[in-house]
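Visitor: The chain contents come next:
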Amino acid sequence: MLSFFSAHSPLLAIVIPLLAAPLCMVFGNKSVAFVISFLAAAASFALSVFMLLWVKDGTVLSYHIGGWAPPLGIEYRVDTANAFVLSIVSAIGMLALSYARTSITTEINEKHHTLFYACFIMCFTGLMGVTITGDAFNIFVFLEISSLSTYTLVALGAEKDKRALSAAYDYLILGTIGATFFVIGLGFIYMATGTLNLHDLSQRLPEISDSRTVRAGFALIVIGMGLKVAIYPLHRWLPGAYTYSPSAVSVFLAATATKVALYVIIRFMFSVYSKDFAFEAITFQYVILPLALIAMFAAAFVAAYQINIKRMLAYSSVSQIGYMLLGLSILNVEGVSGAFVHMFNHAITKGALFMAIGAIVFRTGSALLPNMAGLGKQMPWTSAAIVVGGLSLIGIPGTAGFVSKWVLMSAAFEREWWPIALLIVASSLIAVVYIWRVVEVLYLQAPAKESVVQEAPLSLLVPTWILIIATIVFGLYADFAISISTTAAEYIMQGGFGGKEVIILGVEGR
Amino acid sequence: MERIFDAEFALGHMNYWLFVILMMTGLYIVVARGNLLKKIVGLNLFQVAVFMLYISMGKIAGGTAPILIDNPDQLYSNPLPHVLILTAIVVGVATTSLGLALIVRINETYGTIEEDEVLEIDHQMYAAEVAEMNKNKPVKTDAA
Amino acid sequence: MEPITALLATMVLPLLAFVLCLLTPNRHNIRDGGTFIIAVLLFGCVLNVLYHFNNETPVAYEAVTFQAGLSIAFSVEPLGMVFALVASSLWIATHVYGIGYMRGNKEQKHARFFACFAFAIFATMGIAFSANLLTLFLFYELLTISTYPLVAHKENDAAKKGARTYLGILMGTSIAFLLTAVVWTYAIAGNLDFKLGGLFEPTLSPMFTAVLLAFFAFGIGKAALMPFHRWLPAAMVAPTPVSALLHAVAVVKAGVFSMLKVGVYVFGIDNLSSTGASDWLMWLAAFSILAASFVAMAQDNLKRRLAYSTVGQLSYITLGVALATSMGVIGGGLHIVTHAFGKITLFMCAGAIYVATHKTNISEMRGLGRAMPFTFIAFGIGSLSIIGLPPFAGSWSKWMLLVAAADTQQIIIIGVLLLSSILNVAYLVPIFARGFFSPASGTGSKALNANVPWREKIAEAPLLVVVPPCITALGCIVLFFYADVIVEFIAPIATVPSVETTNG
Chain A
1 MLSFFSAHSP LLAIVIPLLA APLCMVFGNK SVAFVISFLA AAASFALSVF
51 MLLWVKDGTV LSYHIGGWAP PLGIEYRVDT ANAFVLSIVS AIGMLALSYA
101 RTSITTEINE KHHTLFYACF IMCFTGLMGV TITGDAFNIF VFLEISSLST
151 YTLVALGAEK DKRALSAAYD YLILGTIGAT FFVIGLGFIY MATGTLNLHD
201 LSQRLPEISD SRTVRAGFAL IVIGMGLKVA IYPLHRWLPG AYTYSPSAVS
251 VFLAATATKV ALYVIIRFMF SVYSKDFAFE AITFQYVILP LALIAMFAAA
301 FVAAYQINIK RMLAYSSVSQ IGYMLLGLSI LNVEGVSGAF VHMFNHAITK
351 GALFMAIGAI VFRTGSALLP NMAGLGKQMP WTSAAIVVGG LSLIGIPGTA
401 GFVSKWVLMS AAFEREWWPI ALLIVASSLI AVVYIWRVVE VLYLQAPAKE
451 SVVQEAPLSL LVPTWILIIA TIVFGLYADF AISISTTAAE YIMQGGFGGK
501 EVIILGVEGR
Chain B
1001 MERIFDAEFA LGHMNYWLFV ILMMTGLYIV VARGNLLKKI VGLNLFQVAV
1051 FMLYISMGKI AGGTAPILID NPDQLYSNPL PHVLILTAIV VGVATTSLGL
1101 ALIVRINETY GTIEEDEVLE IDHQMYAAEV AEMNKNKPVK TDAA
Chain C
2001 MEPITALLAT MVLPLLAFVL CLLTPNRHNI RDGGTFIIAV LLFGCVLNVL
2051 YHFNNETPVA YEAVTFQAGL SIAFSVEPLG MVFALVASSL WIATHVYGIG
2101 YMRGNKEQKH ARFFACFAFA IFATMGIAFS ANLLTLFLFY ELLTISTYPL
2151 VAHKENDAAK KGARTYLGIL MGTSIAFLLT AVVWTYAIAG NLDFKLGGLF
2201 EPTLSPMFTA VLLAFFAFGI GKAALMPFHR WLPAAMVAPT PVSALLHAVA
2251 VVKAGVFSML KVGVYVFGID NLSSTGASDW LMWLAAFSIL AASFVAMAQD
2301 NLKRRLAYST VGQLSYITLG VALATSMGVI GGGLHIVTHA FGKITLFMCA
2351 GAIYVATHKT NISEMRGLGR AMPFTFIAFG IGSLSIIGLP PFAGSWSKWM
2401 LLVAAADTQQ IIIIGVLLLS SILNVAYLVP IFARGFFSPA SGTGSKALNA
2451 NVPWREKIAE APLLVVVPPC ITALGCIVLF FYADVIVEFI APIATVPSVE
2501 TTNG
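Residue numbers (this note's numbering), protein chains in the order written: chain A, 1 to 510; chain B, 1001 to 1144; chain C, 2001 to 2504.
Warning: the hint list may mix true and false statements.
Stated by the list, open to error - Keeping only pairs whose Cα atoms sit at most 30 Å apart, straight-line, the calculated DSSO-like set for lysine-lysine is:
#: 1; chain 1: C; residue 1: 2161; chain 2: C; residue 2: 2359
#: 2; chain 1: C; residue 1: 2161; chain 2: B; residue 2: 1135
#: 3; chain 1: A; residue 1: 162; chain 2: B; residue 2: 1038
#: 4; chain 1: B; residue 1: 1059; chain 2: A; residue 2: 162
#: 5; chain 1: A; residue 1: 160; chain 2: B; residue 2: 1059
#: 6; chain 1: A; residue 1: 160; chain 2: B; residue 2: 1135
Everything labelled a hint here was simulated from the structure, so no lab data went into it.
In this text, all values refer to a predicted model and were calculated from it rather than measured experimentally.
Given these sequences and hints, build the entire structure.
Guide: Structure, rendered in structure tokens:
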């Protein structure tokens, strides 16, 4: 007999943070709000890891909400792929929250702190929900929950830089268009199949894969989610949102938001639709692959010219998303597992980098490159974190970034696409340029004479270094991420939700 | 072989054509209008078109509201799309209100709600940052 | 001590030194003394590993599983053993020299300097004892990163520019080519463990082998094969102890050592010679040797001249691999040792001259030998060893490479080697010859005044700066007599595969 917690773990992982948001508002005190939201995130993280350990061999958990069996009822379906993403999101969310407590003191007016925590944990809930749910419309709802709270969070940066408002507005317009496209796509496939359960859809779609409705639905879903993923030409909202939002929000968004959207795309492309559909293979070959390559180079080049480091990292994110899409375009298990590995590695690397930059912003008040001159001496730990994180972004062995590159290149060689492998390394060379610009300023430029900058407080350094150490540890013990990703990719590539064993949860409660 | 134009198909999907026109009108307003407020209006049109698409999808000619009555043969419309759209409408209202709130804030800080002018101010701020960076350069070489 | 413990200690000790240096930024004596003790201990540990070494039961240690079937692992084999011995012994000399140089020259940021130095040695030990290509690549990159702050040490614009070139070329080539080569190898061979006779099936097409070899040869930018040699002269902006480390001990030797390892353990010299895949590399190496020598002759800056000389000498080792005979490989391995001792002597002398007189150009060094006799004698010994004259160590390795070239009937290569030796004479001998025999360039020099007693004529650099080059110069002579020990030691790497093939 399963205990209450394990039997309801999929639901609890969502409901706990969901309830935490109104609780924060009810108490209305920022310290209490912090404790509540942090505990909720931590509980969610514990449950995610628990589920990940449960399903990492390929088991599938199917949780029937309210005891209603799918496809009528809503189902939460946890397999290796989304348990992995859940763990990433909740881990980063927890760390970002602990980081936020100090970082927002200089960025957000104190009376808004409670609101901030409520929005943050709401956004967290949304992202977790998108990942865990097995119902297509549920994805939309959770997506909007996370998006709406994200717009608010981004706009909270306005007290420091008013451009946060226009960035949030841009994001709102584009995000809503994206989500609406996604809904239209869902409408199309609902029209064609009469179901919205992902598992059910995957059973019914192959028969009617030639239908124009199904194809149009695919296009709309990919474009709609592509906006959220920031696939290359749809990335316009991303730099502004990452640059002007409060540091803790940048950390959380950069590390998780695009990853979750990408997970949804992967889910739709490989599980709901199948890579065996002719139009999908063509889409990958002629649309996704070229766009991924353009992103890898164009965005990296743009990054190399930024003077605002947060903006530079944002463009670097666009380029890194290119890697993940490239992995998908390779269309084999190695490639998809490369995308998952990179999702994970990029989350911890970018999270760490944004945290380190946030610590600099906390002390100096600005993320502009010239303000960082000589900080290598004044903020040694923060600067060291930037160097290690940067090396991981480049893909130096011993860091997480290398593992991604390793898996992606192996996948390319597996398909004998060696020009692609060469392009992957060529794009890392641009990363050397933009990272080293920062390193040179940090260490080799004399600080402005009057400046006295202290090392960041421990409350910022500790979360940063937890992620930095994770970067190194998972760069060496790559087996963890690789094996989980491979299992995830294998099950997702089997054109459906076929797991080793499906455990049905949530029915006894009825 | 799919025919290029099929009159029966086109007329039979009249409702969809209307939604498509409405949807594109909305999208066009979002893209083409410079006034932030009008963009929100466009966005609403766009979303409403999608809602109507869903609603008409569930409608069955001659069907009543899906209420459980004694007659099992009673024809009724599919309730699920309607329910879904109820959720989507709530989301849409939330989005609109958030967008309007943002516009208020933008008007407070920028003093305008015209996109061009907001962008112009953003660019000026960026130019100031670049200028500051270039100003710092000689200082840097002095120190080196 | 257990052999495994000793093996791990060779990597832990430099890390300890790294931490020690970071912890004691202002206590110079504790830091420098502690690091010296660690350097000596490290040498002891390497000797301990050597003591336990035998070819039948190699010591191996698997540190971290990277992926199923692939791990960060270490093992001891003859080439690595020799490299580790060279690096650890020369670290002691360089460290002592570095203390003298940094203090004598009043350089800044000692702690960072010695910390990075120790970390570079850590990376070098990792390279020496790496058991597979992945481990090699990991430490190869760590070495690049840890030496970057050393090159940029002066933090002025010239140093920044040099360091940028240094990092750009080394990291660029390693990511663009070496990483590709490693992943490609893994995709084909299915594992990356170094194995005598090579990883690949002998059926691999010659064309493909040549292409893959090109990725390796250019990817190992530290071997300074033309056209990727520019980082070496660029790195000359670094303080001289760094140049000594870079150009004699750690970095360039890590490059050619990796080249040897790839040739012997990844491709297998039999495969290379039977497919002829390395022919192009041989010609490129020959070109590098000659071109670098000519460029060296045109340099007036002493360190730049030595740098180009290094480019040429490194290509000797690459040539040894490319000849793909056992004699070539052994000659290459031996040349790592002999060139290390020769070139570190030359660099230390260049640094000693700089500390004592602040002169960097050769044209200004006329007559300096009379003021700095020890330095210049050491320089002479180092030069002659590099040139390859008996009774100095360098003669053996060059001789073996000549024999290897003769074995493979490469008349032109023999010609290249001979011509190169003449060029070596032309650019190295004048430096110390003028130092002793030319009149001094400066006026009022004490050295020329016959009335001054000889003791006062001497204006050597501080003791800590002069003694290390003298010791390494002595090493050049001693190695001449013990070269056969090294040859016998590394011989198995070149002979075992041929035994295997006759058996099979």
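Visitor: Hint check: residue 2161 of chain C vs residue 2359 of chain C, CA-CA at most 30 Å. Holds or violated?
Guide: Given that 30 Å is the threshold and the Cα spacing comes to 22 Å, the pair holds.
Visitor: Residue 160 of chain A and residue 1059 of chain B were given as a pair; does the straight-line alpha-carbon distance stay at or below 30 Å?
Guide: violated (50 Å)
Visitor: Would the hint linking residue 1059 of chain B and residue 162 of chain A be met if the CA-CA limit is 30 Å?
Guide: violated (47 Å)
Visitor: Residue 162 of chain A and residue 1038 of chain B were given as a pair; does the straight-line alpha-carbon distance stay at or below 30 Å?
Guide: holds (21 Å)
Visitor: Is residue 2161 of chain C within 30 Å of residue 1135 of chain B, Cα to Cα?
Guide: With Cα atoms ~22 Å apart, residue 2161 of chain C and residue 1135 of chain B stay inside 30 Å; holds.
Visitor: Measure nothing beyond the straight line between the CA atoms of residue 160 of chain A and residue 1135 of chain B; if it is 30 Å or shorter, mark the hint as holding.
Guide: holds (23 Å)
Going down the numbered hints, you'll see the structure goes against 4 and 5, while the others check out.
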